[in-house]
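S.K.: If you want the building blocks of each chain, they are given just below.
There are 2 protein chains.
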Amino acid sequence: MERPIGVFDSGVGGLTVVKQLNKILPDEQLIYFGDTARIPYGTKSKRLIQQFALEDALFLLQFNIKFLVVACNTASSSALEILKERLHIPVVGVVEPGAQAAVERTRNKKIGVIGTSATIGSSSYTKSILKLMPDAQVLGRPCPLLVPLVEEGWLDGEVTRLTLKKYLAPLMEQKVDTIILGCTHYPLLEPTIQDILGPDVSLIDSGKETARVVKETLMSLKLVNSGGKPGADLYFVSDSARQFAEVGSRFLGRPLENVQRIDFDEFLIKNSDAPLLKNFEVLYDE
Amino acid sequence: MERPIGVFDSGVGGLTVVKQLNKILPDEQLIYFGDTARIPYGTKSKRLIQQFALEDALFLLQFNIKFLVVACNTASSSALEILKERLHIPVVGVVEPGAQAAVERTRNKKIGVIGTSATIGSSSYTKSILKLMPDAQVLGRPCPLLVPLVEEGWLDGEVTRLTLKKYLAPLMEQKVDTIILGCTHYPLLEPTIQDILGPDVSLIDSGKETARVVKETLMSLKLVNSGGKPGADLYFVSDSARQFAEVGSRFLGRPLENVQRIDFDEFLIKNSDAPLLKNFEVLYDE
Numbered sequence: 001m002e003r004p005i006g007v008f009d010s011g012v013g014g015l016t017v018v019k020q021l022n023k024i025l026p027d028e029q030l031i032y033f034g035d036t037a038r039i040p041y042g043t044k045s046k047r048l049i050q051q052f053a054l055e056d057a058l059f060l061l062q063f064n065i066k067f068l069v070v071a072c073n074t075a076s077s078s079a080l081e082i083l084k085e086r087l088h089i090p091v092v093g094v095v096e097p098g099a100q101a102a103v104e105r106t107r108n109k110k111i112g113v114i115g116t117s118a119t120i121g122s123s124s125y126t127k128s129i130l131k132l133m134p135d136a137q138v139l140g141r142p143c144p145l146l147v148p149l150v151e152e153g154w155l156d157g158e159v160t161r162l163t164l165k166k167y168l169a170p171l172m173e174q175k176v177d178t179i180i181l182g183c184t185h186y187p188l189l190e191p192t193i194q195d196i197l198g199p200d201v202s203l204i205d206s207g208k209e210t211a212r213v214v215k216e217t218l219m220s221l222k223l224v225n226s227g228g229k230p231g232a233d234l235y236f237v238s239d240s241a242r243q244f245a246e247v248g249s250r251f252l253g254r255p256l257e258n259v260q261r262i263d264f265d266e267f268l269i270k271n272s273d274a275p276l277l278k279n280f281e282v283l284y285d286e
Numbered sequence: 001m002e003r004p005i006g007v008f009d010s011g012v013g014g015l016t017v018v019k020q021l022n023k024i025l026p027d028e029q030l031i032y033f034g035d036t037a038r039i040p041y042g043t044k045s046k047r048l049i050q051q052f053a054l055e056d057a058l059f060l061l062q063f064n065i066k067f068l069v070v071a072c073n074t075a076s077s078s079a080l081e082i083l084k085e086r087l088h089i090p091v092v093g094v095v096e097p098g099a100q101a102a103v104e105r106t107r108n109k110k111i112g113v114i115g116t117s118a119t120i121g122s123s124s125y126t127k128s129i130l131k132l133m134p135d136a137q138v139l140g141r142p143c144p145l146l147v148p149l150v151e152e153g154w155l156d157g158e159v160t161r162l163t164l165k166k167y168l169a170p171l172m173e174q175k176v177d178t179i180i181l182g183c184t185h186y187p188l189l190e191p192t193i194q195d196i197l198g199p200d201v202s203l204i205d206s207g208k209e210t211a212r213v214v215k216e217t218l219m220s221l222k223l224v225n226s227g228g229k230p231g232a233d234l235y236f237v238s239d240s241a242r243q244f245a246e247v248g249s250r251f252l253g254r255p256l257e258n259v260q261r262i263d264f265d266e267f268l269i270k271n272s273d274a275p276l277l278k279n280f281e282v283l284y285d286e
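Chains A and B supply the protein sequences, listed in that same order. Per my numbering, the very first residue in the first sequence carries number 1; after that it's consecutive. Per my numbering, the very first residue in the second sequence carries number 1; after that it's consecutive.
Treat the hints as calculated values from the structure; they're not laboratory data. Watch out, some of these pointers could steer you wrong.
Identical copies carry no separate label here, and so any pair may be met within one copy or between two of them.
[Stated by the list, open to error] Subject to a maximum C-alpha distance of 35 Å in a straight line, what follows is the list of computed DSBU-like cross-link-like pairs (lysine-lysine): (1) K222 - K165; (2) K131 - K270; (3) K165 - K229; (4) K66 - K175; (5) K270 - K84; (6) K46 - K19; (7) K127 - K84; (8) K270 - K110; (9) K175 - K229; (10) K66 - K23; (11) K278 - K46; (12) K66 - K110; (13) K278 - K222; (14) K229 - K84; (15) K278 - K23; (16) K278 - K165; (17) K175 - K165; (18) K278 - K110; (19) K165 - K66.
No experiment lies behind these values; they were computed from the predicted model shown.
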């Protein structure tokens, strides 16, 4: 089935998922949206993240996508249910695949999760893990400085190591044997984190696990594209395309092409009557 | 003149300016808008910052404000000209007052500026300083990690000190004798920064200087309110009011009341025909 797969994230982080998707699903065309005008999502409220996620999905639906990947831990944690309810195509987020992998990997049933404040505050990973392994102990730790550190390019060095040690200390004290990298920025810190934790702690890259689940789901729904790739992947962003291409190539591990900026406010104004965004009565968390 | 003063910022940082305004203009009512749904501005493009600033101003104009304070270094650096061109009320930003104070304070004419990537990239402080002191040497240093550190509440401690030392090293090597805190978050780091630099380097708090300039301008334009304060200050935000009140009280040094969340997307859709936002032909920097 030649229709493309839609992927969205608040910014560049989701490109770590794109990288994995390209690897294991080389014949699928991807349409990516990075909401760089409103990045980050991880410090914002649940209500707002749900609104943003619906708007991002509406943008991608224009391309007749057959499948939606929420390549953002924050949006997967706070908005996956509402997306599944409102969209008529299959939706996969990064939380469940990461939780599944952690449950398969742990030996002592003590699992740590690191992520943004919104992701950890939502307890999404904890809920997913406990569904699969009710006697697991799950320890979440919000790490709001890690995204800015990655975007500054400080992937190693004293500041990053000290920050990581401070964030990871409570997880190490509780002797977790598995830690989920619950943010698509964190795989870039994986070597430093592994070095700090030592070889006995397993790290789970949710993005990598998600790509695997996307492939399985496409196969079971008979949505896999059997011909060659129908067109190049397209990337859309709500702020500067140049800046996204520069930072994004670090995440993708190769130069980024086909990046276009769109005026997202204009898009929303034009689509203010879209049923997808209507009757949005989720209670505001305040 | 009883009409209120409008103040906007991308988030809570502008409250450091509010604190100073309340101190020296106790009879003026302030209407504050913090665009917390789209914070931060400092990592975003010039074109987008200009658009956001016009939208923020449009929101405040509803309250019949007599004066606009751009309490955000990033917006002052990238959008002050367009705001002055398009609004029919006086507009003051934080850059010129900070530059003025630095020029008065320096003895060796070597001035450092720290701020967000957008503020430093715009060279706004350099241009303002050179207008006043053409033979000054100005050294700008973007410090993208400082805002997240302040918001995490890590105002001192090893991580913050190491980060500051790394950022400040090039300024210290060049022997600047004055450094402008070119971001409204940075006054919370002032004691730590002063401790690292030692007593021979003067720190300029742009917010404090701006409040002084606002008072002078109001007086010269005969816009000062001579009666008592006509009403309590009001605070509007585009994301969670609770979260803003919590973090904001740290910036203001007292509990924050009268905070209301507004749906900014809805506001923009309703006002999509506003002339202020039209014919916005600034070239996109890409």
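S.K.: Does each hint fit the structure? Answer for all of them.
M.R.: Evaluated hints:
no., hint, in the structure
1, K222 - K165, "neither (45 Å within a copy, 56 Å between copies)"
2, K131 - K270, "neither (41 Å within a copy, 44 Å between copies)"
3, K165 - K229, "neither (44 Å within a copy, 50 Å between copies)"
4, K66 - K175, "neither (42 Å within a copy, 60 Å between copies)"
5, K270 - K84, "both (24 Å within a copy, 29 Å between copies)"
6, K46 - K19, "both (28 Å within a copy, 30 Å between copies)"
7, K127 - K84, "within (17 Å within a copy, 51 Å between copies)"
8, K270 - K110, "neither (49 Å within a copy, 50 Å between copies)"
9, K175 - K229, "neither (45 Å within a copy, 58 Å between copies)"
10, K66 - K23, "within (19 Å within a copy, 58 Å between copies)"
11, K278 - K46, "both (17 Å within a copy, 32 Å between copies)"
12, K66 - K110, "neither (37 Å within a copy, 59 Å between copies)"
13, K278 - K222, "within (31 Å within a copy, 47 Å between copies)"
14, K229 - K84, "within (27 Å within a copy, 51 Å between copies)"
15, K278 - K23, "neither (37 Å within a copy, 44 Å between copies)"
16, K278 - K165, "neither (44 Å within a copy, 50 Å between copies)"
17, K175 - K165, "both (14 Å within a copy, 34 Å between copies)"
18, K278 - K110, "neither (41 Å within a copy, 56 Å between copies)"
19, K165 - K66, "neither (42 Å within a copy, 50 Å between copies)"
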